[in-house]
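Asks: What follows is each chain in one-letter form.
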Amino acid sequence: MEFFNNHKLLFRTAFLFFAVLTILVAILPALNNQRNNQPLPTSAPISEDAVKGKAIYIANGCVACHTQQVRNVDMDKIWGSRPSIAADYAAIKRTDFWRNTATLMGTERTGPDLTDAGNRQPSIDWNLVHLFNPRAVVKESIMPAYTWLFTLKKQADKGDVVVNVPKEFLEGKEGKLVATKDALYLIAYLQSLKQVKLPDGVTTPEFLYKQKTIETKAGGAGNEPDGVALYTANCQSCHQPNGEGLPGAFPPLKGSPVVNGDNLQLYVDIIMNGYDARAEYAVMPSVGTNANLSAAEITAIINHERTSWGNHAKKVTEDEIKRLLEYVKLKAKN
Amino acid sequence: MRFYFGNITIMILMAAAIVFPAQLCAQTTIGAGIKGSWMTLLLLLLILIFLLVAAFVLLIRVKALNSRISKWKAGESNRRFDKLLQNLDNVQIGKLLESKHIEKITDHAYTGPGGGKKFIALLIFFTALIRGNYVYAQSTETKVGILNEGGVIITITLIMIPILVGIGLMIVKLSGMAKKQKLEQDIEEAERFADYLATINDPEALEALKKRKAALEFELSNNELTGDKEAVDQKGLINNVNTKAAIAFVTQKKKALKRPGIDLQLSKLIIWYFVCAAFWLVFGTSIGEYVGIKFVAPDADHLSWLSFGRLRPVHTNAVFWGWASLGMLGLGYYIVPMVSNVPIASIRKGWYTLYFINAAVISGTICLMAGINNGGGEYREYIWPVMLLFAIGLFLTLINFIATIASRKTKEIYISNWYIVSAIMFALTITAVAYIPYWQNGLGETIIQGYYMHQGVGMWFMLFTLGIVYYMLPQQLNRPIYSYSLGILAFWTQILFYTLIGTHHFVFSSIPWWLQTVAIAGSMGMVIPVAAGTTNFIMTFNGAWHKVAGSYTLPFFLVGTVFYFTGSLQGTAEAFRSTNLIWHFTDFTVAHSHLTMYGIICFFVWAGMYAVLPRITGREAPQLTIGAHFWLALIGLLFYTVPLMIGSTLRGQLWMEGKPFIETVVHMAPYWLWRAIGGSLMWVSHLFFAYNLYMILRKAEQTDLKEAAIGKLNKPVTAE
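If you read the protein sequences in the order shown, they are chains A and B. For the first sequence, position 66 (counting from the first letter as 1) is numbered 66 according to this note's numbering, and the numbering increases by one without interruption. For the second sequence, position 589 (counting from the first letter as 1) is numbered 589 according to this note's numbering, and the numbering increases by one without interruption.
Hints listed in this document are in silico derivations from the structure and should not be mistaken for laboratory results. There's no promise every hint is true.
Claimed, not checked - Coverage of chain A stretches by chain B, computed from C-beta distances (three or more under 8 angstroms per stretch; other residues unrestricted):
1) 31-43
2) 63-72
3) 145-153
4) 190-199
5) 240-252
6) 258-271
Just so it is clear, CB atoms sit at the ideal spot from N, CA and C, and this is done for glycine as well.
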């Protein structure tokens, strides 16, 4: 056939075929997407510090392990309260003359998703310790240690942010560990990662592929949530698997008067609304509210904490907690 | 040759031992949930039938063996011995008669081959042992019916193919053992026969034997037709006659054929492409190896330039744009002028391309390590000035190749050139689309990213490599390609379907649902070009399989072809929504990209290099180190990918069950360790590859003795 023997015709055809498909499947959808999506009215631009922090996030290739997308599937529910939508990314524009747009959605989830990291882990102290060496707070973590974002000083100057890291992570060196500006920018960026509530009247997209929970007989004993798993997921990164916390950063639950005491109202309040009553420890975020924990789940966590690591307090019932929850929620609103 | 197949068996058995939990899982789930789809049942049925047939064949063999033994023990020997006696030939009768005079019968000395059998038995036992462990580990993990998902079934089937082949080979081995057993028994029988012969002393019988001998000894003189001249090799067909062969520790493979010389300038260019490619391979995979180790030892260093997030793209980009791209282009510079039957249009442009691409990878690597990158899209981490260097290099080669093809002496454009030229055109297109900023805001960036990263592997690496195979494979097999039309079909369908599938990297993301569906449909369409290509290659092999064992390049082509089929179809299986649930975001993707970029692209490029180098230098690498390169790369790849696939499947399930995230990190630890081990094997194989390249090129400084001697003789005449 003449067509096959004419290189101009053959290569032009192949090129045009590819180019037309490219326009249809990549360029037009991309143009369409950026034209039809605007940032949500409920969202606000991130702070200057966070912008600098995002640059550090990009430079260090954090996207290699951390995604920033909550997919519309049930298993992603733990990463955000709703699936991400195109509008969530609409405000992200080209970084600068040299660098492309960084939506940072990612394709690997070797580490946790960070879409809602600002809500999930708002404690700056925890984030700094974790950044210096993740294994100081999460023993099993394989995240790199970003030690070069910190300096070791003999004496902390005024305005320095001192980080309390267990001694063994300082590799035998003495002094005060101070976070550099870059570390603080990076944390500011992580703090800024918060899922924005959809404006009223917009229907939230659904999570698909719900896990079919095999319903055992209603009221069966095996239906209680797993307190150990819930503790691991929500509490352990600060209070540690052994319940002893980290000296100078996170208080121990082992032998804690709040955990073992009778003031359940304070206990539930701390879990739901956070705590900042003791200067020697970091601020506790409102873990329960952020993670949308149910009464049953909170009961399971409390019971796990009251009966582990040598704690011997009386177990609580779901009904008790339910009543306290309503009260605590009211209190939070006022 | 036996050494060769023995190795394959061992390797596949090991792979089987590792993969087995997948099968096991399949079986237990079926047991648990009877509603298991008919697909799974069909698959299991097929496996069962295969195993039954295999068992049946073995049973027949064993029975045959047993019946022989029992017959002998029954003692019917004399009648059989009489029959044997009647069938002796003249020499045997002569010796028998002679022995009657000397009255001496010598004993047979025979030593049986016991060690091999023991080894195989040990291996089988070991395999069973490993399986046993997995049985134990697995028994708690079978809740969800993910094994009924189409994609999972396809993957299991793909993994099963080599395993079943392995079982087949094992049967061949076992029947070989049965044959050996039979041989031993024959020898015993022979001894008994000898005893019987010793008892014949009847003069009449001896006379009859003598007559029989005389009759049998009649023969033609054998030179009735040829006369009595001595044999002479008049056509120069025989070379290097070796009368004293030493024991061969390495199977002697076929040497490359001597070819008419390639333009020395072009040879030099191609060699430099290969040398640079090899450098980037060793460099890039050293980085990859280190990054893999960091999964196991995250505190290996605390330097910003060596941190994981920065090194990962250094690894991927160095092996993509440095190793694979330069390797392919070097082969392109050999193939394009060769099939056009003209010299290359411009050697200078070839050198510029080499400079530009090397400059791109060097500067890109430094930028990434310094923390300057384009914003996170995979394979798009180089900033635009760096990628511009790469694009300029490619553009120069594109016009060079087109100019060469335009001046071709053949009427038709051989299909290799379709693939190669299109690959370069498409690579330039996707680079332009990926780096032009007008459609990159918000999700636009992600849509382009999906398109770019997949067209990068499919339209640049895969298309170019297929072009290489369409020339090098027929050449190495010395047979024409099976079907030119299948090649053309694969070409157009590859463009049609591959272009669509980019967004399947972002299934369930906020990219429009219809675009995800198009990508998934396109991924299914990819079955057509992949099946067409594989069929074409396998059918080209067909009828020449015996050549594989005798060649050191063909095994590379074969492995590449197998992974082309399994790896590509695995990609299709991964694209379904149901499989995305389990595998997306896990290391399954990493395993897949290594199965394809390494199993397909690297093996084909190595095959091409080992085929081309002897032709342009006239020298070959030691076969021992080529073999080491091949086996370490293949075994390493399996150790790397199979555990990662198993681990990530389980991790995906743990995510779906809502287990705490950190638990799933802990769960991956052993699989990451296996990955590091497999990666180390692969890395060592690259050192062998670099050594082979060095051995081929180092000898360039040595003189060819014959050439030198002839040159010396002629010198006085040609001297000025």
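Asks: Could you run down the list of hints and mark each one as holding or not?
Replies: Status of each hint after checking the structure:
1. A stretch counts as covered by a chain when three or more of its residues have a beta carbon under 8 angstroms from one of that chain; for the stretch 31-43 of chain A and chain B the count is 4, and the coverage holds.
2. With 7 residues having a Cβ less than 8 angstroms from any Cβ of chain B, the stretch 63-72 of chain A passes the three-residue criterion, so the hint holds.
3. Coverage of the stretch 145-153 of chain A by chain B holds [criterion: at least 3 residues with CB-CB distance below 8 angstroms; count 4].
4. Only residues whose beta carbon comes within less than 8 angstroms of a beta carbon in chain B count, and the stretch 190-199 of chain A has 0; fewer than three means the coverage is violated.
5. Residues of the stretch 240-252 of chain A lying with their CB closer than 8 angstroms to a CB of chain B number 0, which falls below the three-residue condition for coverage.
6. For the stretch 258-271 of chain A, the assignment as covered by chain B is violated, since 0 residues bring a beta-carbon within under 8 angstroms of that chain's beta-carbons and 3 are needed.
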